[in-house]
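Residue numbering for the sequence shown follows the numbering used here, beginning at 2 and increasing consecutively.
I should point out that these hints are in silico values taken from the structure, not numbers from a laboratory.
Model, not experiment: these values are computed from the prediction.
Be aware that a few hints might be false.
[What the hints assert, rightly or not] BS3-like mimics (lysine-lysine), calculated; alpha carbons at most 30 angstroms apart, straight line:
1. Lys61 with Lys132
2. Lys61 with Lys29
3. Lys139 with Lys82
4. Lys29 with Lys11
5. Lys132 with Lys11
6. Lys61 with Lys86
7. Lys139 with Lys86
8. Lys138 with Lys86
9. Lys44 with Lys11
10. Lys29 with Lys44
11. Lys138 with Lys82
12. Lys82 with Lys61
[To be verified] Just the calculated beta-carbon pair ranges, DEER-fashion:
13. Asp73 with Glu46: 34 to 44 angstroms
14. Asp111 with Lys29: 33 to 43 angstroms
15. Arg43 with Lys138: 16 to 26 angstroms
16. Lys139 with Gln63: 53 to 63 angstroms
Each residue gets a CB set at the ideal place from its N, CA and C atoms; glycine is no exception.
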Amino acid sequence: MNILFFLSPKQDLMYVYDDFTLRQTLEKWENNRYASIPVLNRKGEYVGTLTEGDILWGLKQQHGLDIEAAEDVPISSFAHKRDYKAVTVTTSMDQLIEAAMNQNFVPVVDDRGIFIGIVRRQAIIRYCYDKARAEAKKGQSAPDACPKGSLAAGG
């Protein structure tokens, strides 16, 4: 199984650039219900992950901030509680699953470090679930459907 099977491409995702202001970020984020989003630089490289919590803590630290003042606040000034580790298309499925256990999504970069998309944890879980159901119909037990290493073997 190849990591690209699970990839949600960059053009289908919401992300922000690290030179966006807080206002630009909030306006872009407003119509989406994501708890975290990728942050890219203008070269297209993945530089981190921004969460709703990062925004809230940043607002707390910049006491008295209003929406007009948000035009002058660079999003890069907000600390990130943690950044999601990016993987490449050559990352093993075991490493992908390991990353997905600790992150809502796994950023994917090409060999130049350019962001190309994400793998959602949901996509991996759905694959394992579908595989478990198919194997259960064949008479195999569902718990063995997605054991460690089975995806890497082409499962």
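Flag every earlier hint the structure violates by its number, smallest first. 1, 3, 7, 8, 11, 13, 14 and 15
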